[in-house]
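Kindly produce the complete structure, drawing on both the sequences and the hints.
Here's the letter readout for the chains.
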Amino acid sequence: MNGRAVVLKQPQVPMTIEEFPVPDPEPAAIVVRITQAGVCGSDLHTWRGATALQSMPANGRVMGHEGNGVVFKLGAGLSADSLGQPLREGDRIVHSAVMACHRCHYCLRGEFSWCATYPSNREAGVFPFFVGTFADYYYLPPHHPVFKVPDALPDSVLSFVNCAMGTVTDGLIRAEAGPGKTVVLQGAGGLGLLATAIACEMGVDQVIIVDRLPKRLELATALGATHTLNIDEVATAEARLEAVRQYTQGRGADIVMELVGNPHLMEEGINLLASGGTFVQIGAVPAGQTATISPGALLKGKRIMGSLMYRPRVIPLLLDILQRSQGRVPFERLVSRSYPLEQVNQAFHDVEWHDQTIDITRAVLVP
Amino acid sequence: MKAAVYRGDGRAMTIEEVEVDRPMAHEVIVRTVATGVCHSDVHHVEWADNIDIPRILGHEPAGIVEAVGELVTYVKPGDHVIACLSAFCGSCEYCLRGQPNLCDKSRTARRKEDPPRIARGSERINTLANVGSFAEKMLLHENGIVRIRDGMPFEQAALLGCGVITGMGAVLRTAAVKANSTVAVFGAGGVGLSAIQGARIAGARQIIAVDVSETKLQKARELGATHVVDASLGDPIEGVRALSWDDGGVDYSFEAIGIPAVIEQAFEVLRPGGTATVIGIARDEERVSLNPRLLLGERKLQGSSMGSNRFRVDLPHYIDLYLQGRLLLDEMITRRYRLDEVNESFDAVLDRSVTRGVIVFDQ
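Protein chains in written order, with the numbering used here: chain X, 1 to 367; chain E, 1 to 363.
Don't read these hints as lab results, they were simulated from the structure. None of the values given here were measured: they were computed from a predicted structure. Any given hint could turn out to be false.
If you only want the chain X side, here are some residues facing chain E, beta carbon under 8 angstroms, derived [what the hints assert, rightly or not]: (1) P57; (2) M202; (3) G203; (4) L317; (5) D350; (6) E352.
For each residue, glycine too, the CB sits at the ideal point set by N, CA and C.
If you want it as structure tokens, here you go:
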């Protein structure tokens, strides 16, 4: 039996759909039937060839890393998810999109997204073939972290759990978001919108979100943002600093998160911090671009840190947040368009973020 | 002014006419508008102690500044304030390391050779925790008050300064409960309910309230408990474990009563790596007994003093939470009294017929 997968042969040429044999799972592995796969900003980076983190394999790369599905085939000996809940074929699951060896220095510290050992180039045509989520199937190696989805959750809130939502959440956790803190989010795309809602669920006091698209800022408000700054209206860094200070009794923000991948935002972000605050780089900055800051601006205990993907333990937190916030937080509004797999090139064209009239927050591919 | 004075041996307080001294350089006079009635006030009468008698009890007030000492710049007459018993000197070792709740307060109290803050003729009247809020006025050190915004109602504000900050602070500061963790709170009185609310605000996934009163457990559900265990119906350790993920116990537990057996239970319900925080006040002669093997699973037992608070930072934040509708205080006040009903208010604490009682003063 064969299945389809989207393959990128080289950057900036249209992706193609190729067929591969669906493997039988090894013991304790899982073959997932993909329900939907989100198109993430870093997929666009990969397509443009602009990412510093990934190399392009000779046979091309199977695309997609975000998405969810159902258990198609369970490998021998596997009967429960990572929390010990019984798992059967046909069950809906969210898998960790962080592929890791689970035995290197970083994995043993619990930092699976820093694993340098696991092959990350998703090479097309190599066993187990289904190594990207823009496909009919996805292959999870033995004992990979998976979490059964509670029956109460609709598929419409699941596509972004294992990438965008996990990523912003672990960034917030690493920056110690919580009650009493004020968070500034640079960018109200999928990451910024999800960060807004998660920060609120983690108990932060205020979320100030910065973007230029009014529809996104409106959605941010619906997701819990206490203040929005439209950079077309609050047009200078000085004006934004003044606004943030005004909302924080003159102190500045405890956490600033960069969610766009624009290196110029770092300098402004550090200025927006209160003493002791943390700047978190999450947006993927194209290779070769650099930021300029004044190191002296850090002296009052300010920190700069990066956060890549998440630790798998974040996923149960997210499934819980989605459940307890049902009817209160409109997570289902995050996905505004879906495309069949064959239209992957059209989907990439439509979500290309340089178009300022865009009304798409996130798009999904439905195989 | 009128004040309720406790004269020892567990006798009822008497309403007496007393005099307030003039504020010294760093002191303020605050007119009491509302004050909570806390179980730790009641302990003095319940346990019939004779500490510092005659003494004005009460330590959970909100009010309006009436006069300030010559060096006070933080407030001016007319400002609304909450008085907190964790006055800080700002310069002792604990204050210098950012733990002002552990300040020994010797520099914010009057010295022995100074005139008494409150007197009745030549008789010195002491005040509980240098607050003594069962009185129409209080003479306080300026480092024992926090200015609050005018729109905040006084009765709700009063609760923040002790009961709420003790419970919420134990969760948010002492234990620093993280989102998605699991929490058990033993005791659903004013402090326990505040801990439950703190856990809800911090995003805990599961909040298990344990009490022996169905009424209190109902209130706990209303304020954020996701599960309840009625300890009058069976072993609460089994009850909490059965509700927990893989029956292994909870990440955080809080003891908000002060009973050794309950402290032991709070420790026993932890999963490996968990932390039990003791908030409740037990009597000095009490002892707890632990299974030391459980410590090897990296379980921790710790105490919390006044919620590890930095009240001038925390209370304005709690007021924001109240005004945003995230911290529920109206629901906690179930009875209001006049000052001359203070003894009835103590009885209601002892017969557990009240969530939080507040004494409201005629203005």
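Hints versus structure:
{"no.": "1", "hint": "P57", "result": "violated, 37 angstroms"}
{"no.": "2", "hint": "M202", "result": "holds, 4 angstroms"}
{"no.": "3", "hint": "G203", "result": "holds, 5 angstroms"}
{"no.": "4", "hint": "L317", "result": "holds, 3 angstroms"}
{"no.": "5", "hint": "D350", "result": "violated, 34 angstroms"}
{"no.": "6", "hint": "E352", "result": "violated, 34 angstroms"}
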